[in-house]
Amino acid sequence: GDSVTQMEGPVTLSEEAFLTINCTYTATGYPSLFWYVQYPGEGLQLLLKATKADDKGSNKGFEATYRKETTSFHLEKGSVQVSDSAVYFCALSAYGNKLVFGAGTILRVKS
Amino acid sequence: EAGVAQSPRYKIIEKRQSVAFWCNPISGHATLYWYQQILGQGPKLLIQFQNNGVVDDSQLPKDRFSAERLKGVDSTLKIQPAKLEDSAVYLCASSMDRGHTGELFFGEGSRLTVL
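Listed in order, the protein sequences are those of chains A and B. Quick note: the first sequence uses the numbering used here, first residue 1, plus one each step. Quick note: the second sequence uses the numbering used here, first residue 1001, plus one each step.
Any given hint could turn out to be false.
For lysine-lysine, the following DSS-like pairs were computed, each having C-alpha atoms within a straight-line distance of at most 30 Å [stated by the list, open to error]:
1) B:Lys1062 with B:Lys1083
2) B:Lys1044 with A:Lys56
3) B:Lys1011 with B:Lys1062
4) B:Lys1044 with A:Lys68
5) B:Lys1071 with B:Lys1011
6) A:Lys52 with B:Lys1044
7) B:Lys1015 with B:Lys1062
8) A:Lys77 with B:Lys1044
9) A:Lys110 with A:Lys56
10) A:Lys56 with A:Lys68
11) B:Lys1011 with B:Lys1078
12) B:Lys1044 with A:Lys60
13) B:Lys1062 with B:Lys1078
14) B:Lys1083 with B:Lys1015
15) A:Lys52 with A:Lys68
No lab work stands behind these hints, which were simulated from the structure alone.
From just these sequences and the hints, can you work out the full model?
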């Protein structure tokens, strides 16, 4: 079945460091790919998405490129801030079916 | 714009007891979802409603879980009887469209502890 694998956390970085959170997927067909974020005490919210191969989703300085050849959708940010501390979830949706989430990666940014 | 509202935020019960969670989606959102998030795992879809009809309940343990969405607005998720493995956060989400190419809006969740 469809599945998403994320790098395990927690990931701890200093402010202004470069961030990469790896995400790979297994799916039939051509899924849409998403990154959701959960800040402390808040609900999950969509960070960015890409719906076809080679698309790049971007938001709030975060980027992720849909790589069909490597079945990956890695999340990157050039310079993290303390306010980026959160749990990040990679997810996919194939043929408009239900969202399948990865296990989540905790990011901690130190000042 | 008001977000997705859920209650209660926290609930502690003993096994074999029952519990109910309530969700009020964003106004105008036709699709409503209940997810279960066990500690250390990603959310797993339990049931999806389109208006007041069920679209997908393939992962709902129907021997103990039930959900309804009367009048296509609010929804209630019930567990009876609860088991220890039901300890989790129950997330409600809503969206404007049926498919998952659009954005889901999540509530803060209801945390259930079964003792």
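Consistency of the hints with the structure:
1. Proposed proximity of B:Lys1062 and B:Lys1083 is supported: the alpha carbons are some 13 Å apart, at most 30 Å.
2. With a CA separation close to 26 Å, the supplied pair B:Lys1044 and A:Lys56 stays within the 30 Å bound.
3. With a C-alpha separation of about 21 Å, the suggested pair B:Lys1011 and B:Lys1062 falls inside the 30 Å cut-off, and the hint holds.
4. Between B:Lys1044 and A:Lys68, the direct Cα distance comes to roughly 24 Å. Compliance with the 30 Å bound is thereby established for this hinted pair.
5. The straight-line distance between the Cα atoms of B:Lys1071 and B:Lys1011 is roughly 26 Å, inside the 30 Å bound, and the hint therefore holds.
6. The suggested pairing of A:Lys52 with B:Lys1044 holds, with an alpha-carbon distance near 24 Å, which does not exceed 30 Å.
7. For a cut-off of 30 Å, the pair hint linking B:Lys1015 to B:Lys1062 stands: about 17 Å separates their Cα positions.
8. With a C-alpha separation of about 27 Å, the suggested pair A:Lys77 and B:Lys1044 falls inside the 30 Å cut-off, and the hint holds.
9. Straight-line distance between C-alpha atoms of A:Lys110 and A:Lys56 comes to about 28 Å, which keeps the hinted pair within the 30 Å bound.
10. At most 30 Å may separate the alpha-carbon atoms for a hinted pair to count; A:Lys56 and A:Lys68 meet this at roughly 12 Å.
11. Under the criterion of a C-alpha separation no larger than 30 Å, the hint pairing B:Lys1011 with B:Lys1078 is consistent with the structure, at around 13 Å.
12. For the proposed pair B:Lys1044 and A:Lys60, the alpha carbon gap of about 27 Å is at most 30 Å, so the pair holds.
13. Between B:Lys1062 and B:Lys1078 the alpha-carbon distance is near 10 Å, which keeps this suggested pair within the 30 Å criterion.
14. For the hint pairing B:Lys1083 with B:Lys1015, the CA-to-CA distance comes to about 5 Å; that is within 30 Å, so the pair holds.
15. The suggested pairing of A:Lys52 with A:Lys68 holds, with an alpha-carbon distance near 9 Å, which does not exceed 30 Å.
The structure fails none of the hints (numbered hints given earlier).
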